[in-house]
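Colleague: Sequence:
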Amino acid sequence: MITWPISAEQFYNEKLVTDVLKIGVRVGSLDWLSWNMEPRASVGRDAVEAAVKRLMGGGGEDGEMRNKASVIGEMAKKAVEGGGSSYKNAVALINELKDRRRMNGRH
Numbered sequence: 747m748i749t750w751p752i753s754a755e756q757f758y759n760e761k762l763v764t765d766v767l768k769i770g771v772r773v774g775s776l777d778w779l780s781w782n783m784e785p786r787a788s789v790g791r792d793a794v795e796a797a798v799k800r801l802m803g804g805g806g807e808d809g810e811m812r813n814k815a816s817v818i819g820e821m822a823k824k825a826v827e828g829g830g831s832s833y834k835n836a837v838a839l840i841n842e843l844k845d846r847r848r849m850n851g852r853h
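In our numbering, each residue carries its 1-based index in the sequence shown increased by 746.
Read the hints as simulated data drawn from the structure, not as lab findings. Some hints could be false.
With a Cα cut of at most 30 Å, we get these calculated DSBU-like pairs of lysine-lysine [to be verified]:
no.: 1; residue 1: K761; residue 2: K844
no.: 2; residue 1: K834; residue 2: K824
no.: 3; residue 1: K768; residue 2: K844
no.: 4; residue 1: K761; residue 2: K824
no.: 5; residue 1: K834; residue 2: K844
no.: 6; residue 1: K761; residue 2: K814
no.: 7; residue 1: K814; residue 2: K844
no.: 8; residue 1: K824; residue 2: K814
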């Protein structure tokens, strides 16, 4: 994954993808833009080209990132399948909301 954050939480997401999970490459944007500002290109084509080459270059690092991303993808699939952690949490939330609705006298 090539990251190019522009505003808000995207910089945190970039840090997660590149520094924590180590499945991505930074393109180099350091400029934060407010939601009401006109977008502008803050990263040049050379930076994008370098990131693509690093990610697709055929060296050991790109294969390692792909393997990690694949493992994380499988974990995410299992979490949302029936019986998975995200599935169970969604069911628990729905049941809690139904219980609260019943307690407030609404059906």
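Colleague: If a hint holds in the structure, say so; if it doesn't, say that too.
Modeller: Status of the hints after comparison with the structure:
The hinted pair formed by K761 and K844 fails the criterion: a straight-line CA distance of about 37 Å is larger than 30 Å. Between K834 and K824 the CA atoms are separated by roughly 11 Å; this keeps the pair inside 30 Å, and the hint holds. Among the hinted pairs, K768 with K844 is inconsistent with the structure: their alpha-carbon atoms are about 40 Å apart, more than 30 Å. About 24 Å separates the Cα atoms of K761 and K824, which keeps this hinted pair within 30 Å; it holds.
At most 30 Å may separate the alpha-carbon atoms for a hinted pair to count; K834 and K844 meet this at roughly 15 Å. For the given pair, K761 sits about 16 Å from K814 by alpha-carbon distance, which is consistent with the 30 Å threshold. For the given pair, K814 sits about 38 Å from K844 by alpha-carbon distance, which is inconsistent with the 30 Å threshold. Of the pairs offered as hints, the one joining K824 and K814 holds, with about 16 Å between alpha carbons and a cut-off of 30 Å not exceeded.
Hints 1, 3 and 7, counting from the list given before, are not met by this structure.
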